[in-house]
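Participant: Using the sequences provided together with the hints, build the complete structure.
Each chain is listed here by its residues.
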Amino acid sequence: AQRVTQPEKLLSVFKGAPVELKCNYSYSGSPELFWYVQYSRQRLQLLLRHISRESIKGFTADLNKGETSFHLKKPFAQEEDSAMYYCALRYNFNKFYFGSGTKLNVKP
Amino acid sequence: GAGVSQSPRYKVAKRGQDVALRCDPISGHVSLFWYQQALGQGPEFLTYFQNEAQLDKSGLPSDRFFAERPEGSVSTLKIQRTQQEDSAVYLCASSLDLGTQSRIGEAFFGQGTRLTVV
Numbered sequence: 001a002q003r004v005t006q007p008e009k010l011l012s013v014f015k016g017a018p019v020e021l022k023c024n025y026s027y028s029g030s031p032e033l034f035w036y037v038q039y040s041r042q043r044l045q046l047l048l049r050h051i052s053r054e055s056i057k058g059f060t061a062d063l064n065k066g067e068t069s070f071h072l073k074k075p076f077a078q079e080e081d082s083a084m085y086y087c088a089l090r091y092n093f094n095k096f097y098f099g100s101g102t103k104l105n106v107k108p
Numbered sequence: 109g110a111g112v113s114q115s116p117r118y119k120v121a122k123r124g125q126d127v128a129l130r131c132d133p134i135s136g137h138v139s140l141f142w143y144q145q146a147l148g149q150g151p152e153f154l155t156y157f158q159n160e161a162q163l164d165k166s167g168l169p170s171d172r173f174f175a176e177r178p179e180g181s182v183s184t185l186k187i188q189r190t191q192q193e194d195s196a197v198y199l200c201a202s203s204l205d206l207g208t209q210s211r212i213g214e215a216f217f218g219q220g221t222r223l224t225v226v
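So the protein lines, in turn, are chains L and S. Numbering-wise (the working numbering), the first sequence opens with residue 1 and increments by one. Numbering-wise (the working numbering), the second sequence opens with residue 109 and increments by one.
Rather than coming from a laboratory, the hints here were simulated on the basis of the structure. Beta carbons are placed, not taken as given, at the ideal position from N, Cα and C, and that holds for glycine. Incorrect hints may have been included.
To be verified - Okay, the calculated beta carbon distance ranges per label pair:
id: 1; chain 1: S; residue 1: N159; chain 2: L; residue 2: E8; range: 23 to 31 Å
id: 2; chain 1: S; residue 1: V182; chain 2: L; residue 2: G16; range: 41 to 49 Å
id: 3; chain 1: S; residue 1: R130; chain 2: L; residue 2: E20; range: 36 to 44 Å
id: 4; chain 1: S; residue 1: L163; chain 2: L; residue 2: R53; range: 26 to 34 Å
id: 5; chain 1: L; residue 1: E20; chain 2: S; residue 2: L163; range: 30 to 38 Å
id: 6; chain 1: L; residue 1: Q45; chain 2: S; residue 2: R222; range: 12 to 20 Å
id: 7; chain 1: S; residue 1: F174; chain 2: L; residue 2: T68; range: 30 to 38 Å
id: 8; chain 1: L; residue 1: K65; chain 2: S; residue 2: K122; range: 46 to 54 Å
Stated by the list, open to error - A few chain S residues that face chain L, going by a derived Cβ cut-off under 10 Å, partial list only:
id: 9; residue: A121
id: 10; residue: G148
id: 11; residue: D164
Unchecked claim - In silico DSS-like pairs for lysine-lysine, Cα to Cα no more than 25 Å straight-line:
id: 12; chain 1: L; residue 1: K57; chain 2: L; residue 2: K103
id: 13; chain 1: L; residue 1: K15; chain 2: L; residue 2: K95
id: 14; chain 1: L; residue 1: K95; chain 2: S; residue 2: K122
id: 15; chain 1: S; residue 1: K165; chain 2: L; residue 2: K95
id: 16; chain 1: L; residue 1: K65; chain 2: L; residue 2: K15
Facilitator: Structure, rendered in structure tokens:
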């Protein structure tokens, strides 16, 4: 069965520190993985997807099939990065399986 | 409007009451999804439409849940005889066309409807 695990419910870092939000997945097929972000009082929005190999707002994520991971990283966290982050696995073309989310708190 | 619109934003229902939640997707978006998000959890898939066709309803938790999209645009999620465990945020998302490589995964979410059953 497909599964997405985000082991940390809360991650607190100081501004300027590196940040890594962990995501591990379980899926028998070829995975398509995404990171969604929800800022305070805003809607859930796509941050980045592995297929695009992009860097958005300084964030990157590399799909590691050997470790079945898709960790989200940023070298220098900013206060405006504080938000809920959800890792998601897309399967069967039309379903997203979301992790339970990690709340990132960047302290000044 | 520019984004996915959901109404109402908040709904308080007495146990046993029927509720209807509305979703206005982005104009022209073929795919529409409903998700349920319980407190402290990630969104969980409920159902999926491609135009007016409901292609997947495997996530609907019981036969009290019913969704429709009769003209391929606006969708309604109906919950009959609400129970306390139905309390959650219900999210709607739409996407242009999941068949297009460049758009894969680009689902746009609404603000959600927070349902509280008392």
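Participant: Would you mind marking each hint as holding or not holding in the structure?
Facilitator: Taking the hints in turn, this is what the structure says about them:
no.	hint	verdict
1	S:N159 <-> L:E8: 23 to 31 Å	39 Å, violated
2	S:V182 <-> L:G16: 41 to 49 Å	46 Å, holds
3	S:R130 <-> L:E20: 36 to 44 Å	39 Å, holds
4	S:L163 <-> L:R53: 26 to 34 Å	30 Å, holds
5	L:E20 <-> S:L163: 30 to 38 Å	37 Å, holds
6	L:Q45 <-> S:R222: 12 to 20 Å	18 Å, holds
7	S:F174 <-> L:T68: 30 to 38 Å	36 Å, holds
8	L:K65 <-> S:K122: 46 to 54 Å	49 Å, holds
9	A121	23 Å, violated
10	G148	7 Å, holds
11	D164	6 Å, holds
12	L:K57 <-> L:K103	17 Å, holds
13	L:K15 <-> L:K95	35 Å, violated
14	L:K95 <-> S:K122	31 Å, violated
15	S:K165 <-> L:K95	11 Å, holds
16	L:K65 <-> L:K15	31 Å, violated
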